[in-house]
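J.: Okay, here's what each chain looks like letter by letter:
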Amino acid sequence: MFIIDFFLDIANYFIKHIDKISTYTFEHFVLIIIAIILSLVIWLTVGIAIRNNLGLAKGVLGIGSFIMSVPSIALYGILVSVPGFGLSRRSAVFGLILYAMLPIVRNVYVSLNQVDENVMEAAKGMGLSTRQVLFKVQLPLAMPVILAGIRVALVMMVGIATLAVYIGERNLGSLIQQGIVRTYDDMIIVGAILVSVMAFLVDYIMGKVQKAIVSPGLITDTTDSSTSKREVA
Amino acid sequence: MIKIENVVKKYSGMERPAVQNLSMDIGEGEICVFVGPSGCGKTTTLKMINRIIEPTSGAIYVNGVNVLKQNPDKLRQNIGYVIQQIGLFPHMTVYENIAIVPKLLDWKDDTTKKRVDELLEIVGLDPEENRSKYPKALSGGQRQRVGVARALAVNPPIMLMDEPFGAVDPVTRSQLQNEFLRLQKKIKKTICFVTHDIDEAIKMGDRIAIMEQGNLVQYDSPENLLFNPNNEFVEDFVGSDRSLKVLNLLRIDTVLKKDIKTVATNNDISALHHFFENNKKKRAIIVDEDNKVVGYVARNDVPKGSSSKGWNSIIKPIPATLPMQATLRDALAQMLQYDLGAVPVVEEDNSLLGVVDLDEIRSHIGEAYHEFGQDEAG
Numbered sequence: 001m002f003i004i005d006f007f008l009d010i011a012n013y014f015i016k017h018i019d020k021i022s023t024y025t026f027e028h029f030v031l032i033i034i035a036i037i038l039s040l041v042i043w044l045t046v047g048i049a050i051r052n053n054l055g056l057a058k059g060v061l062g063i064g065s066f067i068m069s070v071p072s073i074a075l076y077g078i079l080v081s082v083p084g085f086g087l088s089r090r091s092a093v094f095g096l097i098l099y100a101m102l103p104i105v106r107n108v109y110v111s112l113n114q115v116d117e118n119v120m121e122a123a124k125g126m127g128l129s130t131r132q133v134l135f136k137v138q139l140p141l142a143m144p145v146i147l148a149g150i151r152v153a154l155v156m157m158v159g160i161a162t163l164a165v166y167i168g169e170r171n172l173g174s175l176i177q178q179g180i181v182r183t184y185d186d187m188i189i190v191g192a193i194l195v196s197v198m199a200f201l202v203d204y205i206m207g208k209v210q211k212a213i214v215s216p217g218l219i220t221d222t223t224d225s226s227t228s229k230r231e232v233a
Numbered sequence: 234m235i236k237i238e239n240v241v242k243k244y245s246g247m248e249r250p251a252v253q254n255l256s257m258d259i260g261e262g263e264i265c266v267f268v269g270p271s272g273c274g275k276t277t278t279l280k281m282i283n284r285i286i287e288p289t290s291g292a293i294y295v296n297g298v299n300v301l302k303q304n305p306d307k308l309r310q311n312i313g314y315v316i317q318q319i320g321l322f323p324h325m326t327v328y329e330n331i332a333i334v335p336k337l338l339d340w341k342d343d344t345t346k347k348r349v350d351e352l353l354e355i356v357g358l359d360p361e362e363n364r365s366k367y368p369k370a371l372s373g374g375q376r377q378r379v380g381v382a383r384a385l386a387v388n389p390p391i392m393l394m395d396e397p398f399g400a401v402d403p404v405t406r407s408q409l410q411n412e413f414l415r416l417q418k419k420i421k422k423t424i425c426f427v428t429h430d431i432d433e434a435i436k437m438g439d440r441i442a443i444m445e446q447g448n449l450v451q452y453d454s455p456e457n458l459l460f461n462p463n464n465e466f467v468e469d470f471v472g473s474d475r476s477l478k479v480l481n482l483l484r485i486d487t488v489l490k491k492d493i494k495t496v497a498t499n500n501d502i503s504a505l506h507h508f509f510e511n512n513k514k515k516r517a518i519i520v521d522e523d524n525k526v527v528g529y530v531a532r533n534d535v536p537k538g539s540s541s542k543g544w545n546s547i548i549k550p551i552p553a554t555l556p557m558q559a560t561l562r563d564a565l566a567q568m569l570q571y572d573l574g575a576v577p578v579v580e581e582d583n584s585l586l587g588v589v590d591l592d593e594i595r596s597h598i599g600e601a602y603h604e605f606g607q608d609e610a611g
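First to last, the sequence lines map onto chains A and B.
Under my numbering, the first residue of the first sequence is numbered 1, with each subsequent residue one higher.
Under my numbering, the first residue of the second sequence is numbered 234, with each subsequent residue one higher.
Just chain B, same shape as in the assembly:
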């Protein structure tokens, strides 16, 4: 899909080229993450693909066509571009921001309008509510979502993302990452993603390109990067806590317990007595008739006898739930933060998929080492 061939970028007045003789292929539908310390040439490489920066020599092919031989404006209209500071146009509404490229391409008004609403839905913003807002009325996370929607406007096959989630708080970041991975499953774009955060790289990347001083040091799958680093630089960059990094790699679907017993609110409260008599568990997950999570009831809170207390008075809200795209690291973080032995996994509409618990994670990590980690035993 994207082929980078012997690309060099030299800035005048600098001794060492910013990018030195780089060659690599990025496959269709893959997320390729460029990662490395600042000044390693990762952003320069990204920006040469849409010619925001012109290479000194070499060639870049997108779908077999050399980008250097194309009109740069036409080229960029077909490549989605998301930057860390987003760069929403403050004088335009959310609608106008997203509709810019469709308007440049002379789309009909009703086609554009449909597309904008569709995109807002995709990135999780209510079109009715947000369409006519100005960027100043949006939170950081919402702006980032609009930025992604804008980049997707004309459905470009390629997206370039320069630290797209760098400017939001850690909670929102992890949420945006999960959402983006879910979105990518549907849209299957070829994505070049720049970050300086190795954890993010491992979580997001199908392939990771580690760069140092303008050179590509290792271009590999996250697993290989963690367990077979090419050299000392990669090893150091990945860090000594590789075992923790693995947690970014493993998704919770591998440890999800699906057949879990719950109590539904359309039953009588006596169902709770029954539940706790047959289970050793301290808490029961409570769902409504549509299997949507409403909260939990602790063993000690169950009313004795046939009390007339209603469900509402004994159900407590669950402090944390996880989406299917979350990693084991997300799961462990939630467990530690809220002191939970298990976290429910829910779909977008809050319906229960299953539960992740600590014991399962522990045994699974052991297996994972067995699988990848030839050298890890010693």
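Looking at chain A on its own, in the form it has when it is part of the complex:
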């Protein structure tokens, strides 16, 4: 009986506050979309720019690791005190971009440098320019690892965005934060569940994106009997 009551209470809260909850979910989503688009523009460029410069790469990745080790609530605290940022969406977005740095830049740098040197030599030997080698060969081959980095960054953003409520954002984090303040369990639980669902969804969508973008030639599939049978014949 207790369990049923528990779920009924949660469902009840959800239905009663559906308007507020949809707004929060939407705001949460918008924040992440803005942050990931800007992150991609900035960090893909940085990753590509440092690919042939080991010294620079070490420095940049060092900064990324350092940012990653700063607790998010502290980082937001620092950002708020910076003139021009303050209690605004700008601070929230900027914080998320900083956290996306390490997973994206590191994966771009590592994967571009892991492309088989024979493939690189063949490409160069056929007369592809440096730019053509990058776009036609290196990036497509690095794509699975780059997408994995973006996936990590996105899932992390969904979680960290909840803390942005302390600097003025109103999103699913608000349910948790206010629930704690008011010791209102149903509110906390609804917030927590929705954040988890969103993280799960983002992860799922990225999986689909990966399947659509990555060349079938790069997927190691031992059960592909159609091609192996033909080879024997």
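Wrong hints could be hidden among the right ones.
As the list claims (entries may be wrong) - Examples of chain A residues lying across from chain B (beta carbon under 7 Å, computed): (1) Gly-86; (2) Ser-88; (3) Asn-118; (4) Ala-122; (5) Met-126; (6) Ser-129; (7) Pro-140; (8) Leu-141; (9) Ala-212; (10) Ile-213; (11) Gly-217; (12) Leu-218.
Stated by the list, open to error - Within a straight-line C-alpha distance of at most 27 Å, the following computed DSS-like cross-link-like pairs (lysine-lysine) qualify: (13) A:Lys-208 - B:Lys-369; (14) A:Lys-136 - B:Lys-336; (15) B:Lys-341 - A:Lys-136; (16) B:Lys-346 - A:Lys-136; (17) B:Lys-369 - A:Lys-136; (18) B:Lys-341 - A:Lys-211.
Since the hints were derived computationally from the structure, they do not count as laboratory data.
Just so it is clear, the structure is predicted and the values come from calculations on it, not from any experiment.
Built from N, CA and C at the ideal position, the CB exists for glycine as well.
Given the coordinates of chain A, work out where chain B should sit on it, guided by the hints.
T.: Quick look at chain B alone, frame taken from chain A:
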């Protein structure tokens, strides 16, 4: 076609230059093989021709134009390049791999498509079946063929090949070598070929450049290399088994017996009785009505009298056949491996050209020594 002039390559931190003051000419339509122990500068030399490695000093002319004064990307688009690990692009299909340079040069789609199919045929792969496969679905030999097709895509006059058949098993290697020699007869490219295998060099090369510690020690025809080595290094490198190496040099067309008696399956089985009565041979080669080899029948397996047994029950498959481009070494290897006194030589479509037998090879090798080997008698 290619002229290398006083080329030096020094790597920083190394005392001895990788290539020292190298000068040589490579003629049009020739296969020039660079051979030598590792670190002798053969690969460095090859890679300086398409500027994957830049020479420290000197000049390289292709068709009279100094490569160092050309845009390296444009230069490379006109030089076919095949490396040992092939370097097929795993994210692209066979078609896309071969079509890369044509696309860079803005070929029309249907021209490219035609060319890719033509190339796949040339290297012995069925276009329908292989065009849309990814490299991971190909065997080592098939990948190598795609690599060669890719290098030939825009029909460059020059090909650079860096140990192209080094990464496949010996059987496939010899097969690819034979196919490549047959192909070269048609396409007549100027080819620079690097290998560390002197047998391969002798088999493939019109001219062989032996290098040691960055120096060109001898640049000569395979015959001269075998019988008139310049110095002790060449002699050692060629090896004490020169007489065996000669086998790589002699093609089976010189010992091919063309008028051989066969039995055709469109005859009655009694034709076999007739064959064995008039010949001392232990086996009869059986062909179909189009002169294509189907197998052999041993003397003991011929049915006595007018048995009603069909051809199929007495024909045995022939364990080995040879293409026309094979060398005497290939022929002997097959004979020893399958314990045969003679091996049929067939065309691509399996039609019979003739037979190579052991006695003929033996007497021919004797003649060959007589021909080249002034010093070999003693």
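J.: Each of the hints needs a verdict: does it hold here or not?
T.: Evaluation of the provided hints:
1. Gly-86: Result: violated, 46 Å to nearest chain B Cβ.
2. Ser-88: Violated. Min distance 43 Å.
3. Asn-118: holds (4 Å)
4. Ala-122: With a minimum Cβ separation of about 3 Å from chain B (threshold 7 Å), the hint on Ala-122 of chain A holds.
5. Met-126: Hint on Met-126 of chain A: holds, closest Cβ of chain B at ~6 Å, below 7 Å.
6. Ser-129: Holds. Min distance 5 Å.
7. Pro-140: Nearest chain B Cβ about 5 Å off; hint holds.
8. Leu-141: Hint on Leu-141 of chain A: holds, closest Cβ of chain B at ~6 Å, below 7 Å.
9. Ala-212: Violated - the Cβ of Ala-212 of chain A stays beyond 7 Å from chain B, reaching only about 14 Å at its closest.
10. Ile-213: Result: violated, 11 Å to nearest chain B Cβ.
11. Gly-217: This hint holds: Gly-217 of chain A lies near chain B, its Cβ roughly 3 Å from the closest one there, short of 7 Å.
12. Leu-218: Since the shortest Cβ distance to chain B is 5 Å, the answer is holds.
13. A:Lys-208 - B:Lys-369: holds (23 Å)
14. A:Lys-136 - B:Lys-336: With Cα atoms ~12 Å apart, Lys-136 of chain A and Lys-336 of chain B stay inside 27 Å; holds.
15. B:Lys-341 - A:Lys-136: holds (19 Å)
16. B:Lys-346 - A:Lys-136: holds (19 Å)
17. B:Lys-369 - A:Lys-136: holds (18 Å)
18. B:Lys-341 - A:Lys-211: Given pair Lys-341 of chain B, Lys-211 of chain A is violated - Cα atoms ~30 Å apart, limit 27 Å.
Checked against the numbered hints given earlier, the structure breaks hints 1, 2, 9, 10 and 18 and satisfies all the rest.
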